[in-house]
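*Asks:* Listed below are the residues making up each chain.
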Amino acid sequence: MFSFILRRMLSLVLIAIAVPTIVFFVMRMVPADPAYVVLGDQATAESLAAFRQKAGLDQPLLVQYGEFVSGLARGDLGKSMITGQSISAQIADVFPDTLSLALGALVIGALVGISIGVITAVWRNTWIDFVGRVFALLGFSFPSFYLGVLLLLIFSVWLGWFPVVHTMRGDGWGEYLHKLALPALSLGLVQAAYVTRLTRSAMLEVLGQDYVRTAFAKGLAPRKVYFKHALRNVLITVITAMGVYTGTILGGAILTETVFNRPGLGKLLIGAIAQRDYNLIQSGLIMFALVIMVVNLLVDLSYGLLDPRIKYS
Amino acid sequence: MSDSTSGVASVATQLAAAPRSPARVRLDLLLADRGACIGLLIIAAVVLLAVFAPYVAMDPTEQSIVNALQPPSAAHWFGTDEFGRDVYSRVIYGTRPALFVGLMSVLVSMVIGIPLGLLAGYRGGWLDTTISGGVDIMLSFPGLLLALMIVSLVGSSMAVLVLAIGVAHVPIFVRLARSATLLIRELDYVAASRTFGASELHILRRHIFPNVIGPLIVMATLSIAGAIREEAALSFLGLGVQPPDASWGNLIRDGVITILEAPWLALIPGMCLTISVLAFNILGDAVRDILDPRDLASSAVKKGK
Numbered sequence: 000m001f002s003f004i005l006r007r008m009l010s011l012v013l014i015a016i017a018v019p020t021i022v023f024f025v026m027r028m029v030p031a032d033p034a035y036v037v038l039g040d041q042a043t044a045e046s047l048a049a050f051r052q053k054a055g056l057d058q059p060l061l062v063q064y065g066e067f068v069s070g071l072a073r074g075d076l077g078k079s080m081i082t083g084q085s086i087s088a089q090i091a092d093v094f095p096d097t098l099s100l101a102l103g104a105l106v107i108g109a110l111v112g113i114s115i116g117v118i119t120a121v122w123r124n125t126w127i128d129f130v131g132r133v134f135a136l137l138g139f140s141f142p143s144f145y146l147g148v149l150l151l152l153i154f155s156v157w158l159g160w161f162p163v164v165h166t167m168r169g170d171g172w173g174e175y176l177h178k179l180a181l182p183a184l185s186l187g188l189v190q191a192a193y194v195t196r197l198t199r200s201a202m203l204e205v206l207g208q209d210y211v212r213t214a215f216a217k218g219l220a221p222r223k224v225y226f227k228h229a230l231r232n233v234l235i236t237v238i239t240a241m242g243v244y245t246g247t248i249l250g251g252a253i254l255t256e257t258v259f260n261r262p263g264l265g266k267l268l269i270g271a272i273a274q275r276d277y278n279l280i281q282s283g284l285i286m287f288a289l290v291i292m293v294v295n296l297l298v299d300l301s302y303g304l305l306d307p308r309i310k311y312s
Numbered sequence: 000m001s002d003s004t005s006g007v008a009s010v011a012t013q014l015a016a017a018p019r020s021p022a023r024v025r026l027d028l029l030l031a032d033r034g035a036c037i038g039l040l041i042i043a044a045v046v047l048l049a050v051f052a053p054y055v056a057m058d059p060t061e062q063s064i065v066n067a068l069q070p071p072s073a074a075h076w077f078g079t080d081e082f083g084r085d086v087y088s089r090v091i092y093g094t095r096p097a098l099f100v101g102l103m104s105v106l107v108s109m110v111i112g113i114p115l116g117l118l119a120g121y122r123g124g125w126l127d128t129t130i131s132g133g134v135d136i137m138l139s140f141p142g143l144l145l146a147l148m149i150v151s152l153v154g155s156s157m158a159v160l161v162l163a164i165g166v167a168h169v170p171i172f173v174r175l176a177r178s179a180t181l182l183i184r185e186l187d188y189v190a191a192s193r194t195f196g197a198s199e200l201h202i203l204r205r206h207i208f209p210n211v212i213g214p215l216i217v218m219a220t221l222s223i224a225g226a227i228r229e230e231a232a233l234s235f236l237g238l239g240v241q242p243p244d245a246s247w248g249n250l251i252r253d254g255v256i257t258i259l260e261a262p263w264l265a266l267i268p269g270m271c272l273t274i275s276v277l278a279f280n281i282l283g284d285a286v287r288d289i290l291d292p293r294d295l296a297s298s299a300v301k302k303g304k
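Protein chains in written order, with numbering that gives the first Met the number 0: chain S, 0 to 312; chain X, 0 to 304.
One thing to keep in mind: the hints can contain errors.
As the list claims (entries may be wrong) - Pair ranges (Cβ atoms, derived): (1) Ile216/X with Pro59/S: 46 to 56 Å; (2) Val106/S with Ile216/X: 32 to 42 Å; (3) Thr194/X with Pro59/S: 23 to 33 Å; (4) Arg204/X with Leu296/S: 34 to 44 Å; (5) Ala44/X with Phe129/S: 21 to 31 Å; (6) Gly132/X with Gly74/S: 19 to 29 Å; (7) Ala73/X with Ser301/S: 40 to 50 Å; (8) His201/X with Val62/S: 48 to 58 Å; (9) Glu199/X with Phe154/S: 56 to 66 Å; (10) Leu11/S with Glu199/X: 29 to 39 Å; (11) Ile274/X with Val106/S: 27 to 37 Å; (12) Arg33/X with Val68/S: 56 to 66 Å.
Hints were generated in silico from the structure; no laboratory data involved.
All figures in this text were calculated on a predicted structure; none of them were measured in a lab.
Think of the CB as a built atom: it goes at the ideal place given N, C-alpha and C, for glycine as much as any other residue.
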């Protein structure tokens, strides 16, 4: 177990060094000159030079990299090339919104997906199973942003149950959750499709094992066998895979935030790309990678906690 | 692969009947699957619409401001957009970027990913560590984000879209090819071939590749679905196909802006997108059932009961 954590930490550290480095140098390969892009073609040579100096673009590449790394280590991501605002502050401002969206989607995906997965496995090869599998197939195929558009149209425009405009955060928890509901649902339902398939096949495998037959044979109530004996082993598989899906959820968050015009990391990144704010793009990418790395580490560690056998290997 | 699971009796009947090649057997199995047929039919329809778009649709970029935002009618089946363009024609022309990017980008990821995965799995050692490390780093970005980064750096064009989405899908193919190779390289017939002095290239091409191709075909079919979705997503974000050219993604983007007045502008292209993605997913599932002997055996048992 200890060497497992150590190895995981080591590879995490390597990736944590590699990702910002790669992003930094790839961003410097941009064919366009950022100063020119930001100031436009009316800019004089002096103002271009002044901009480069202010943004540190006149320094040698390695010096720029050194500054970037030392800033990163202090949690300082530099300043926006367009607005001059601190990027760390901008990210800190919208990060909770993306986090709540991702968590909401994760919870919806897990609850809906695990429930349907278990139900379809228990009643396999019946019409219930068929309906559940059609749901999973549809979820696989529905682009999350289109599902968002559909939900927005039905529940906000036609039924008026939820706000159409999501730009403002609203006051208090109730309003915040009210505005979170549709975006989290559109992202979570797509996720639920993956979880359904995973849970169903894991559950089918577990139900075929001897200890489940033994549990039935000694006369345990089916409910107890399914929830106490089978589900616990299924959850291990599902939780491990959920880590992999964090990336998909965060990628989907970019789209969902655009559909609902909701503040967040994805919206910030898309705005930065539209304005060619290279510093902000770079920081946004690194933040996404960082979150995914941390989640994957947490999942790996929880795997060891959930399955005691891991400790002995 | 699939032959090994058919019982002795069916092998005997097969031998008695006209001999069928393994590929033919699989094709017959595929055509016997209802889901696969539905998927294939939809895909065929989309391909035909893409190829014959000029014959079944009008000019998708012709504007007519007086006809702006009309609901669906006999003249304009799917209505008109805010510039009075015929949305039916734009949806039909939208099949082109979807299919082109979907197919070509998966080709790109297979051409890059499979050789890397085969090499990493067969050679092992530092080469494997390097390739797998690179894959791990790429997987720490969501695929969409990776494509987004490439498009935002070099600007958007059809070729860039294909490359960006293709590169984003490389890691899955590397992983799949690598893990399949790891299993197969230990088998006796590979060792036998090695003792005969076969070159590495020969072993990889003749012995390993044919045996890992099954899961790769399944992954490729499912990846086409993913790539079509990603092209639409990028175009939806305004970073993919640029107007006035039509793509289902940018049609949905335009439709969301006018969602209060004309909801069908977002609904219809989204429906076409979803159905096309669904078709490739159904086909991928069916191909998996046919190529995976374990699943085939279980479904045979099920049907036999």
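*Asks:* A separate judgement is required for each hint: does it hold in the structure or not?
*Replies:* Hints, verified against the model:
1. Between Ile216/X and Pro59/S the C-beta distance comes to about 49 Å, which sits within the given range of 46 to 56 Å.
2. Between Val106/S and Ile216/X the CB atoms are about 36 Å apart, so this pair conforms to the stated range of 32 to 42 Å.
3. Hint check: Thr194/X to Pro59/S, Cβ distance near 55 Å, so the stated range 23 to 33 Å is violated.
4. Separation of Arg204/X from Leu296/S is about 39 Å and conforms to the stated range, judged on CB atoms against 34 to 44 Å.
5. Taken as a hint, the range 21 to 31 Å holds for the pair Ala44/X and Phe129/S, whose Cβ atoms sit roughly 25 Å apart.
6. For Gly132/X and Gly74/S, the Cβ-Cβ distance of about 26 Å falls inside the hinted range of 19 to 29 Å, so the restraint holds.
7. Checked against the hint of 40 to 50 Å, the pair Ala73/X and Ser301/S fails, with Cβ atoms roughly 60 Å apart.
8. His201/X and Val62/S have their C-beta atoms about 50 Å apart, which keeps the hinted 48 to 58 Å range intact.
9. The hinted range of 56 to 66 Å is satisfied by Glu199/X and Phe154/S, whose Cβ atoms lie roughly 59 Å apart.
10. Distance hint check: the CB atoms of Leu11/S and Glu199/X are about 34 Å apart, consistent with the given range 29 to 39 Å.
11. Remark: the range hint 27 to 37 Å for Ile274/X to Val106/S is upheld by a beta-carbon distance near 30 Å.
12. Separated by about 58 Å at the C-beta atoms, Arg33/X and Val68/S satisfy the suggested range of 56 to 66 Å.
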